[in-house]
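Number of protein chains: 4
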Amino acid sequence: MTGSLALKGSDTPLDHCDLDIRVRYVECDPMGYLHHARYFEFFELGRTELLRLAGHSYHDMEQQGHFLVVARAQCKFIKPARYDDVLTLTTRIERVTSARIDHSYELKRNGTLLCTGRTTLASVDGEGKLACIPDYLIPLPK
Amino acid sequence: MTGSLALKGSDTPLDHCDLDIRVRYVECDPMGYLHHARYFEFFELGRTELLRLAGHSYHDMEQQGHFLVVARAQCKFIKPARYDDVLTLTTRIERVTSARIDHSYELKRNGTLLCTGRTTLASVDGEGKLACIPDYLIPLPK
Amino acid sequence: MTGSLALKGSDTPLDHCDLDIRVRYVECDPMGYLHHARYFEFFELGRTELLRLAGHSYHDMEQQGHFLVVARAQCKFIKPARYDDVLTLTTRIERVTSARIDHSYELKRNGTLLCTGRTTLASVDGEGKLACIPDYLIPLPK
Amino acid sequence: MTGSLALKGSDTPLDHCDLDIRVRYVECDPMGYLHHARYFEFFELGRTELLRLAGHSYHDMEQQGHFLVVARAQCKFIKPARYDDVLTLTTRIERVTSARIDHSYELKRNGTLLCTGRTTLASVDGEGKLACIPDYLIPLPK
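Protein chains in written order, with our numbering: chain A, 1 to 142; chain B, 1 to 142; chain C, 1 to 142; chain D, 1 to 142.
So that you can see chain A by itself, here it is in the shape it has in the complex:
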């Protein structure tokens, strides 16, 4: 299936978004670098924002009993980010199936690539059992 969300109330596909994130002091380690675990928190911000742009809210999804849990995550760290850097995170939908969504990520500072990442989300219900993702996340067949 295609790697995109339909914009709410529209057939326009939405397959990525850019989000600016400023690195916080508390997120940096004694080397002065953004701690490597924090990148995965940033990826989560990118996913939330992409969903929001498509007209949905992960907060509402949870209220409706749909949860997305991270089944796989990976990151390749190329150059370090530092305190107060303004970074641009590009989040892209790579693949959507009935119960899984793959995203890829690129984090840049002024056009310089700092890291690339990838996650697989699984759709689960309130008990943590695999469940179909909400219809509105499944793009229409082309």
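Some hints could be false.
Said to hold, decoys possible - Keeping only pairs whose Cα atoms sit at most 20 Å apart, straight-line, the calculated SDA-like set for lysine to any residue is:
#1 D:129 with A:32
#2 D:76 with A:41
#3 B:79 with C:100
#4 B:108 with C:69
#5 B:129 with B:63
#6 B:76 with B:21
#7 B:129 with B:67
#8 B:129 with C:79
Read the hints as simulated data drawn from the structure, not as lab findings.
Given the coordinates of chain A, assemble chains B, C and D onto it according to the supplied hints.
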């Protein structure tokens, strides 16, 4: 009311506990110091441990619909802690009322005082409304 | 001394700033609330932003060997914040002395007060010893 | 090269270690699960502990100008961990070259596998440039 918990199945009062905590790399900031917000996370570990020593579990309390939320917190930072330091946190119950518990904290490294803190917890139900604390947290009158 | 910064290259006093912060998923606890320790991280964001508005950068201050460490922090939690809430943090300078700065904080959601806080920062050098704060942080006498 | 450290002052190879970690409240998200980014923090604890068992300290390494930065990290999440769970993390050295160390990880609760992970560390100097890892981390040829 006195500032102590009764040990489960006993009248022996338990008013404090010591907990050793090793400072993690991710908890330290670019100055190389334990970030000041982390001390409040450590205080939470101390409260959990004190409850456990008294024979109870905060995890079970939540399952039973009793929640403790932090209503006030304060800390005076005296000397910095650093990565890999082994610290000793002393958590003390200062006061228990029907819906509130006050704790005080001292964090030391090899006997040197690094910080003192104080919190007030409020007892709430699953909807966040003030509720009486469980009976077993209220010490018997002397 | 007055509780304000002079705007860089100007005598206009700057005594507070407002900053919008969206609550992240990772910042919320199993009750679904913004974890209480995170408020102190938000206060740090407010201080950084106030400094930036005055034309300075905490990042540059550190590069020049001036560090501000938290000597005291306190918070009164009034109502909980939740995932995806957009909060407005008002950071105010209450008092500046040769080596200390007091800030106060108010965090609101749509005008509703969620918490109030207060911190005292101490100015230290690279070895952690008390040092005068940079001249540009000391407001001109009226 | 073999995937093991020599025990300090000995030729005994040390290729893995087990570390018990109790899940903290602040580490869990609104689903009640250990947040996925935290697993990478746990992996860091495992690496530190393995180094300590071999008679070394990452803290001392940094003091001597040797830094290890994470170049790649990945994790497969199998079952969720929850607040207050006591988990056992097995950290294993898979491969050591002149400037890189690969580790693998298994996180279990009472023998049940919760996740597997893998990281590649790069050895850098204080300026972040690739550098040889300290001799004592390179196992003797067999």
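Proposed proximity, residue 63 (chain B) with residue 129 (chain B) (alpha carbon, max 20 Å) = At roughly 16 Å apart (the allowed maximum being 20 Å), residue 63 (chain B) and residue 129 (chain B) satisfy the hint.
key: Given hint residue 100 (chain C) paired with residue 79 (chain B) - CA-CA distance at most 20 Å   = Roughly 16 Å separates the two Cα atoms, so the pair holds.
task = Sort out whether residue 21 (chain B) lies within 20 Å of residue 76 (chain B), counting only the CA atoms.
result = holds (19 Å)
ask   = Is the Cα-Cα distance between residue 129 (chain B) and residue 79 (chain C) 20 Å or less?
value = holds (11 Å)
query = When you check the alpha-carbon spacing of residue 129 (chain B) and residue 67 (chain B), does it fall within 20 Å?
reply = holds (10 Å)
ask   = For the pair supplied as a hint, residue 129 (chain D) and residue 32 (chain A), is the alpha-carbon distance within the 20 Å limit?
value = holds (15 Å)
query = If you draw a straight line from the CA of residue 108 (chain B) to the CA of residue 69 (chain C), is it 20 Å or shorter?
reply = Answer holds: residue 108 (chain B) to residue 69 (chain C) is near 19 Å, not above 20 Å.
ask   = Are the Cα positions of residue 76 (chain D) and residue 41 (chain A) separated by 20 Å at most?
value = holds (16 Å)
In this structure, every one of the numbered hints holds.
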